[in-house]
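First to last, the protein sequences are chains A and B.
Numbers given in the working numbering equal positions in the first sequence, counted from 1, plus 1178.
Numbers given in the working numbering equal positions in the second sequence, counted from 1, plus 1178.
These are computed hints drawn from the structure, not numbers from a lab.
Errors might be hidden in some of the hints.
Since the list can't tell identical chains apart, any single copy or any two copies may satisfy a pair.
Think about it this way: if two alpha-carbon atoms lie no more than 25 Å apart in a straight line, the pair counts; the simulated SDA-like pairs of lysine to any residue are [said to hold, decoys possible]:
1) K1461 x Q1212
2) K1391 x L1420
3) K1271 x E1258
4) K1427 x D1395
5) K1413 x E1400
6) K1443 x N1201
7) K1579 x A1297
8) K1443 x A1578
The residues making up each chain are set out below.
Number of protein chains: 2
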Amino acid sequence: MAQTPSIPKGTRDFMPQEMARRNYIFSTIRKVFQLFGYSQIETPSMENLSTLMGKYGEEGDKLLFKIQNSGDYFKGITDEELLSRNALHLASKFCEKGLRYDLTVPFARFVVMHREEIAFPFKRYQIQPVWRADRPQKGRYREFYQCDADLVGSDSLMNEVEIIQMIDMVFSSFRINVSIKMNNRKILAGIAETIGCPDKITDITVAIDKLDKIGLDAVKAELMEHGIDAAAVSKLEPILTLSGSNEQKLQIIESMLSGSEVGTKGVEECRFIFNAIQNFSLKNNLELDLTLARGLNYYTGAIFEVKALDVEIGSISGGGRYDNLTGIFGMPGVSGVGISFGADRIYDVLNQLDLYPQDATGSISILFLNLGEQESACSLKLLAQLRSQGISGELYPDNAKMKKQMSYANARGVRFVAIIGSQEMEQGTVSIKDMATGSQSVIGQSEISTLF
Amino acid sequence: MAQTPSIPKGTRDFMPQEMARRNYIFSTIRKVFQLFGYSQIETPSMENLSTLMGKYGEEGDKLLFKIQNSGDYFKGITDEELLSRNALHLASKFCEKGLRYDLTVPFARFVVMHREEIAFPFKRYQIQPVWRADRPQKGRYREFYQCDADLVGSDSLMNEVEIIQMIDMVFSSFRINVSIKMNNRKILAGIAETIGCPDKITDITVAIDKLDKIGLDAVKAELMEHGIDAAAVSKLEPILTLSGSNEQKLQIIESMLSGSEVGTKGVEECRFIFNAIQNFSLKNNLELDLTLARGLNYYTGAIFEVKALDVEIGSISGGGRYDNLTGIFGMPGVSGVGISFGADRIYDVLNQLDLYPQDATGSISILFLNLGEQESACSLKLLAQLRSQGISGELYPDNAKMKKQMSYANARGVRFVAIIGSQEMEQGTVSIKDMATGSQSVIGQSEISTLF
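Using the sequences and the hints given, assemble the complete structure.
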């Protein structure tokens, strides 16, 4: 026998039940995107490497899956180049295309390519796999889905308000309790400016983030290690010990940042969003959190991150406001705000909390056992009727032993087993076994749709 | 300005309206698969090249997209090998993985890998993209979707009957009139055997297929060119001039093939299927067609092909019965029957016949114009209510000129435009413009859901 085949490490097969659960996740997110007016687009799995390279840093370039050119990919390469064995350099000769690494760069490329066809503001969502040649580990795959919604071409803070509503609707649909954390890049810039270290935003944010774990003194020590002097650190103290309601926090920050234009702007933005969101009864808590440091090179205003409350897991959703999506492709001034849902982590949370709806099983409503040719013909007629009413079902295809057919019914997790034997044929009936309760009954064939 | 970015040739971006139409196609096919008890699976985009190579012939190996190994892919390759510049040989050193070429080989690999977890008979469907490094041309892409359903682990002809019902339900759902053509590999084998040329199945089938175009004499001449002697050709004549109902055709073939065991088996199979299908009122015609030659190396029983009646286009669906899905991976005896729907061609047919349902637009039900901050807040509240009722809508995010907002409404193809200005705020009303009829009305804010 040949060697049992396998799949590349870091990739996955999805069995029917996993698919049913994943489809539940995608369709829930998709439905919310659609309710808020986002339209779906898709981009090719492959992009030109010139589109992808240099967009994710040096490390990212290495993590791109590159596709070898068809035909004679050695053309135009000298023997010396070949013998140099410079893997990265020669990859750019052997390969013109790569698999997409995220949905953001392809979206930026899409906006630039189709700018004449798009009606701005453009609200798009995209649910597609991405690929990264990362070292696979638990919970980290080389192929995984991203679910992104972005609105580009509008500076209105109403968009941030709607993003928060979307996050809230997605997670309340899933019945996952979350904390929606919000920060603002402008506040962070204001803080760094105010203490006289405008280039230390990241260090400050990372240090603040450790407060709970290592305590105030250790944080101060760390800040000084990063070259922030004692006077600056003491100015930071109100931030480090920030507490209270969102409004209380904002008041403290506001007075601290009164001398910084950008900081004051950040406080105003946050306050507008908190005020506007009060018009809606969110199911989850929205919290100002100055420790959010995601995408600091990219985001320019609000930053969002979502944490599940009942499961220990990292962020399960995140996003923010950016000012320059398409500058890398020579089209400046395209600002927007976006949100990304982590389908794989949401899958883990739903599994751990066992929150899937009953029908996310990928199973069927009814299985007819096969007792012979004539009986099957009769079963198929009833099945045709049920299917025309949107009820899924099947006939066991072979006249196999009862035990085998019933064990298939169990394995498939069907709701009802239907039996038409010679007696049922004669009497125009069908015997029904409810697989959930184990109860059995005999009903008229014409009544079969009343089961559902 | 940087060069405008582009996408690799043979690939496509899908705009919102195209996506809405594609989603309509996929969801229609998916719904039928589910009604018939098929469960969805997914396999990784990448497979090991050892899984893919040699499965699609020599030409197919060249059309595989190969993914360059990460890290130092020159390791273990000698200078001599490198300088040989043997593109195909070195590809197998540089690359361990490739993009899937179809859904059949990955499915076979899946069945072998998961045979202990699967409940047989196993009914799976799969809707995923495949990639081929083919020369792109009109209607042929390097990335395209396949929609396959297969049932493995059952020899029952009931499965063929259900496949035909599925085809009929898919195309009647689309309102595309089709001819469902059926052939049987065993009949073709019986014919070749009967005329004494068992190895000439393909030549005979291809020649029969030309009858309409080139006439009887030319077909006979072509058969003789292929080394089939005059006596054999004259034995073939009843097949060449076959006409009448399916049953009439079967009677002629039956008497001609009475001396061939395999041929007689093929006739019996066809007759069983035609008889069983009479229990169902098919919307489309099922026709015995001996010229079907698809997958002759692969199929062993029934062969199906579907042609659209009102549009000139090739086959839009096809499938058949096979005896040995997984032998290539060392697991013999897995027989099954499958069907594949060509989403891209169905898309072209629906476009040409303009058969999309009205709601396959990717648009929203209502757009609120933005007349200022307070008015927007009021609009967002109504939107929250509508969305909780499953109605999609949005607020134009900026307080832009009316003309700009209305031209966005037009471009988006929204159904209703809602306006809340100061007067409407005061009176608790909302002005509605029906974009289909152009009619305008004023309704109470609490009545807004009655629009839908």
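Here is how each hint holds up against the structure:
Proximity of K1461 and Q1212 under a CA criterion of 25 Å is satisfied intra-copy only: 20 Å inside one chain copy versus 34 Å between copies. In the homo-oligomer, the alpha carbons of K1391 and L1420 lie at most 25 Å apart inside one protomer (15 Å), although the nearest pairing across protomers, at 85 Å, exceeds that limit. Proximity of K1271 to E1258 under the C-alpha cut-off of 25 Å is found in both arrangements, the shortest distances being 14 Å within a copy and 20 Å between copies. Only within a single protomer do K1427 and D1395 lie at most 25 Å apart by alpha-carbon distance; the minimum there is 21 Å, versus 93 Å between protomers.
With identical chains, the CA atoms of K1413 and E1400 are at most 25 Å apart within one copy only, with a shortest distance of 15 Å there and 94 Å across copies. Taking the shortest alpha-carbon separations for K1443 and N1201, neither the intra-copy value of 41 Å nor the inter-copy value of 42 Å comes in at or below 25 Å. For the identical chains of this complex, K1579 and A1297 are inter-copy neighbours only, at 15 Å across copies versus 62 Å inside a copy, given an alpha-carbon limit of 25 Å. Taking the closest pair of Cα atoms, K1443 and A1578 come within 25 Å of each other only across two copies (22 Å); inside a single copy the shortest separation is 74 Å, beyond that limit.
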